[in-house]
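Next come the chains, spelled out residue by residue.
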Amino acid sequence: MDSVNRFGPELILLAMAAVIILADIGWALAGTGAERMRRPALGALALTGTAASIIWSALLIAFDEQGEAFSGMIRVDDFALFFNFLFAGTAAIVILASIDFLRRNRFVAEYYALILASTAGMMLLASTIDLIAIFVALELTGISLYILVAFMKDGRSSEAGLKYLLLGAISSAVALYGMAYLFGITGSTSLDEIGLVVSEANGETRSALVLAMVFLIAGFGFKMAIVPFQMWVPDVYEGAPTPVTAFLSVGSKAAGFAVVMRIFLTALGDGSISSDWATVFAILAAISMSLGNITALVQGNIKRMLGYSSIAQAGTFLIGLAVVAAADPQLLLGTSAVLFFLGTYAFTNLGAFIAVIAISSKIGSDQIADYAGVAKRSPLLALGLTICLLSLTGIPPTAGFIAKVYVFNAAVQADLVWLAIVGVLNSVVAAYYYLRVVLNMYTAEPASEESIQPGYYLGLAMVVAVVGLLVIGIFPSPLLEASEAAARVFG
Amino acid sequence: MEDTGSIVAFWLLAALTLGSALAVVLIRDLIRAVVLLITSFLGVAGLYITLSADFVAVVQVLIYVGAISVLMLFAIMLTPRAGRNNAETFFRIPGILLAGLMAFTISLVSLDTDWAVVERGGFEETASAIGEALLDKYVLPFELAAVLLLVAMLGAILLVHPEGTDEE
Amino acid sequence: MAIELEHYLILGALLFSIGLYMALAKRNFVGVLMGIEMMFNAVNLTFIAFSRFPRFADMTDAERLSGHVFVIFVITVAAAEAAVALALAMLVYRNRETIDVDRMDLLKW
Chain S
1 MDSVNRFGPE
11 LILLAMAAVI
21 ILADIGWALA
31 GTGAERMRRP
41 ALGALALTGT
51 AASIIWSALL
61 IAFDEQGEAF
71 SGMIRVDDFA
81 LFFNFLFAGT
91 AAIVILASID
101 FLRRNRFVAE
111 YYALILASTA
121 GMMLLASTID
131 LIAIFVALEL
141 TGISLYILVA
151 FMKDGRSSEA
161 GLKYLLLGAI
171 SSAVALYGMA
181 YLFGITGSTS
191 LDEIGLVVSE
201 ANGETRSALV
211 LAMVFLIAGF
221 GFKMAIVPFQ
231 MWVPDVYEGA
241 PTPVTAFLSV
251 GSKAAGFAVV
261 MRIFLTALGD
271 GSISSDWATV
281 FAILAAISMS
291 LGNITALVQG
301 NIKRMLGYSS
311 IAQAGTFLIG
321 LAVVAAADPQ
331 LLLGTSAVLF
341 FLGTYAFTNL
351 GAFIAVIAIS
361 SKIGSDQIAD
371 YAGVAKRSPL
381 LALGLTICLL
391 SLTGIPPTAG
401 FIAKVYVFNA
411 AVQADLVWLA
421 IVGVLNSVVA
431 AYYYLRVVLN
441 MYTAEPASEE
451 SIQPGYYLGL
461 AMVVAVVGLL
471 VIGIFPSPLL
481 EASEAAARVF
491 G
Chain C
1 MEDTGSIVAF
11 WLLAALTLGS
21 ALAVVLIRDL
31 IRAVVLLITS
41 FLGVAGLYIT
51 LSADFVAVVQ
61 VLIYVGAISV
71 LMLFAIMLTP
81 RAGRNNAETF
91 FRIPGILLAG
101 LMAFTISLVS
111 LDTDWAVVER
121 GGFEETASAI
131 GEALLDKYVL
141 PFELAAVLLL
151 VAMLGAILLV
161 HPEGTDEE
Chain L
1 MAIELEHYLI
11 LGALLFSIGL
21 YMALAKRNFV
31 GVLMGIEMMF
41 NAVNLTFIAF
51 SRFPRFADMT
61 DAERLSGHVF
71 VIFVITVAAA
81 EAAVALALAM
91 LVYRNRETID
101 VDRMDLLKW
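So the protein sequences, as listed, match chains S, C and L.
For the first sequence, counting from 1, position 202 maps to 202 in the working numbering; every step adds exactly one.
For the second sequence, counting from 1, position 107 maps to 107 in the working numbering; every step adds exactly one.
For the third sequence, counting from 1, position 57 maps to 57 in the working numbering; every step adds exactly one.
In case anyone wonders, no lab produced these hints; they're calculated from the structure.
Keep in mind the model is a prediction, meaning the values are calculated, not measured.
Think of the CB as a built atom: it goes at the ideal place given N, C-alpha and C, for glycine as much as any other residue.
There could be a bad hint or two in this list.
Unchecked claim - Short, incomplete list of chain S residues facing chain L, as computed with Cβ under 7 Å:
id	residue
1	Phe101
2	Ile170
3	Phe183
4	Thr189
5	Pro228
6	Val417
Said to hold, decoys possible - Covered stretches of chain S (chain L as the covering partner; in silico rule of three or more C-beta atoms under 8 Å from a C-beta of chain L):
id	stretch
7	112-123
8	137-151
9	176-182
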């Protein structure tokens, strides 16, 4: 019973996905009379699922009901619970932001069910401690997302879905090859046992271990969307329906980081291998930040721009991972910096994409040039987008400022001063293209005077995201404590 | 694995697998390529038997040969106006370099590593042990795989449903 | 010469590289998918070889068989992925009348 209890947050999401599908069939049987209630009811069911999942996770903390489940397949600890909240919250905001865009769509039930299934997969990625379960959770997340990207079924969306699927399948084959070698070297699929063997390993298996590490970084680098595994990002971000893009940029990326931290800190955390991957991550961090920001400078489409900016942000998270492998006190610092940054990034990026959904659906364009004078047409939306972009730049009093200071401070303390300098320089470059959008909204002349009114649900989602990032910016200590507690799992 | 029979079997099956895989790359006609891919899959199934993995070998034949290859043939047949040419894109030369580097590195690493294998012999039969593991230790991934198949089915129906997305 | 672990590992490496080349360089969607399936096959072969040739004398048969269980899951997932891939290819074909990856240019790569 303990197993099912600890698996509750994921289980309730999967159960709700099934309920939504069945309820949809029920509506089809009930005939046209009840049709008016179908969409709101399905949306409410999906939101109830995420809320129940959050409550269940909170109860697990309240009753101190933590530990392993399903004979060592998952481990519910502070780290897993941190991501439970992050993913369920992200899913709730994305569902709120999707209600308007699904207004005329036939496949509402399927959409919500796929979002919930994918969220359950992401939560599992943070809590599984066995390679087999990690692989299945990875693919559950992935396959749901491939379908969601192609959800609009038009030329762009289906093309983006196919590209995402093909590159995703290649990357999971590569990650699997790494897992196969890890299994061969250590004779186990359990992360704890792998970690035990790796820490005692002598020189004989070193080259094979490095090979496995490189394959794992390459395979999961796709999920994290870091250079050089970022080719899919701009296309998929542009082609996918915008709420799905928001979900991808926050949920999928955070899931990638969660599983990488789980594997690398548990299974490859000891011995000489840890300084190897720390070096790789440091180099990838510098490249991702620089390339992402420089390419973002020349983008005309705001979704592509946010895509490249999310590559650069992933580079900044990687600084935290590069810090981790230094001495013991830094271990906590690096991990908690990544977790704190992921928490603030979730609010910030969700807010930015929600503003894009609201504005673009009205002006019918994703081009930054068409955002001219939006401030005159909808002062509140423009203000919200501005706050999110300021947070992405890292300007106080937003959450992004504290997150960046935290990460750069961690880098300096771990003697990675050069990486901190690269990060600060990149923030300056990033400020240019973020503020260009802000300037364009406030100073340029609008194409029409017609005001832009976001729907009620979209507005609510926006308020949640913006208030969240301001609150974290002014009172960072609760999130800080939560990420430190989660980081202590690996300490 | 001392007897000559299994040594000969390995080399024959290895040649069959790699030979057909290379032919899949080189042949121009897509349908022929899929048929050659099937022989490559069969070669892998034979290799599983030399590794005393009887259950996996049967699954390999059923799923890869029986289902996935047929899916690929469907994909070709259902797209009559698309090209049936198995040609490469501009990425050919970098692709060859990358794949060559990959094969070289992995082979080097597996030769360089001292695997210190302990001789344990093959398995008597694996099906019942795998079945027990699936329903005992690995019950969570097993159930998740069920959800994953459901999601894939849902998605396939959603994507190829003839009606557009808008209702009105 | 007896057949050892290394034989299977190198065979897997070659199969994986052929698959990777196809996945990266083939123009037609089916060609790419064939390459991906080859990569999965190479991984599976590696898993099964490691199960047959363990490095530790104290591994129980159940522990060794976790490699086989992994392969069962990989095959299941590969089948599901192939089904979704086929559906997506049909969708793209309906929109564009092509399934050539390099002609998907509505979005620049």
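So, going through the hints one by one against the coordinates:
For phenylalanine 101(S), the interface hint is violated, since its Cβ never comes within 7 Å of a Cβ in chain L; the closest pair sits about 19 Å apart. Nearest Cβ of chain L to the Cβ of isoleucine 170(S): about 5 Å, under the 7 Å cut. The hint holds. Look at phenylalanine 183(S): its Cβ gets to within about 6 Å of chain L, closer than 7 Å, so that hint holds up. For threonine 189(S), the interface hint holds, the least distance from its beta-carbon to any beta-carbon of chain L being 5 Å, beneath 7 Å.
Among the interface hints, the one on proline 228(S) is violated; its C-beta lies about 13 Å from the nearest C-beta in chain L, farther than the 7 Å criterion. Here the hint on valine 417(S) is broken, as its CB sits about 37 Å from the closest CB of chain L, past 7 Å. Taking a C-beta to C-beta cut-off of 8 Å, the stretch 112-123 of chain S contributes 0 residues in contact with chain L, too few for the three needed, and the coverage statement is violated. For the stretch 137-151 of chain S, the assignment as covered by chain L holds, since 5 residues bring a beta-carbon within under 8 Å of that chain's beta-carbons and 3 suffice.
Here the stretch 176-182 of chain S counts 5 residues with a CB under 8 Å from a CB of chain L, which clears the bar of 3, and the coverage holds.
Checked against the numbered hints given earlier, the structure breaks hints 1, 5, 6 and 7 and satisfies all the rest.
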